[in-house]
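J.: Please put together the full structure from these sequences, using the hints given.
The numbers in our numbering rise by one with no breaks, and the one at position 25 of the sequence shown is 25.
It should be emphasised that the hints constitute simulated quantities derived from the structure, not laboratory data. It should be emphasised that the depicted structure is a prediction, and the values quoted were computed from it without experimental measurement. Watch out, some of these pointers could steer you wrong.
Each computed SDA-like pair below joins lysine to any residue, with the alpha-carbon atoms no more than 25 Å apart [said to hold, decoys possible]:
id, residue 1, residue 2
1, LYS20, LEU8
2, LYS11, PRO21
3, LYS20, CYS66
Simulated restraints, written as ranges between beta carbons of each label pair [unchecked claim]:
id, residue 1, residue 2, range
4, TYR6, PHE46, 39 to 49 Å
5, LEU8, ILE56, 42 to 52 Å
6, ALA3, GLN82, 51 to 61 Å
7, GLN60, ALA24, 16 to 26 Å
8, SER85, MET25, 41 to 51 Å
9, ILE56, SER85, 15 to 25 Å
10, TRP48, MET15, 29 to 39 Å
11, GLN86, LEU58, 13 to 23 Å
12, GLU19, GLU54, 35 to 45 Å
13, THR78, LEU14, 21 to 31 Å
Yeah, the Cβ is synthetic: ideal placement off N, Cα and C, and Gly gets one too.
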Amino acid sequence: MKALNYTLKRKRQLMVFLEKPDVAMDTNHLEREIRPIPMGKKNGLFFWTELGAEHICLIQSLICTCKLHDIDPNVYLTDVLQRVSQQSSQRGRRLNTKAKEIPVCR
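T.: Below you can see the structure in the form of structure tokens.
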């Protein structure tokens, strides 16, 4: 009975994947993407500083996001790092994760 009440209370949220075909029924694809992060906790013991650990987490997040959007992480990160190095001379140029702006990503 508890399970039925739970389902009925959340019917609208549970039906989203039927109404919107781009929404997955489960989160398995996301769980696969973040699996390396907990596995890397053991390696976290060897970060020299908290800032270094934060930077690694940021890069891992960017790589996972690129993969989820079918963007080659190497191409994307290369492009971003090149733009960042030129940022002082080209103020106002935005860094954007839209693959349309990076034609070689796909």
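J.: Determine for every hint whether it applies to the structure shown.
T.: Going down the list of hints, with the structure as the test:
1. LYS20 / LEU8: holds, 20 Å
2. LYS11 / PRO21: holds, 17 Å
3. LYS20 / CYS66: holds, 22 Å
4. TYR6 / PHE46: 39 to 49 Å: Given a distance of about 43 Å, which is inside 39 to 49 Å, the answer is holds.
5. LEU8 / ILE56: 42 to 52 Å: Because 44 Å falls inside the window, the suggested range holds.
6. ALA3 / GLN82: 51 to 61 Å: With a Cβ separation near 53 Å, ALA3 and GLN82 satisfy 51 to 61 Å, so the hint holds.
7. GLN60 / ALA24: 16 to 26 Å: Between GLN60 and ALA24, where Cβ atoms are some 21 Å apart, the hint holds.
8. SER85 / MET25: 41 to 51 Å: holds, 43 Å
9. ILE56 / SER85: 15 to 25 Å: holds, 20 Å
10. TRP48 / MET15: 29 to 39 Å: violated, 49 Å
11. GLN86 / LEU58: 13 to 23 Å: holds, 20 Å
12. GLU19 / GLU54: 35 to 45 Å: Holds: the Cβ-Cβ distance is about 38 Å, inside 35 to 45 Å.
13. THR78 / LEU14: 21 to 31 Å: violated, 41 Å
Figure legend: structure checked against the earlier numbered hints; hints not met, in rising order: 10, 13.
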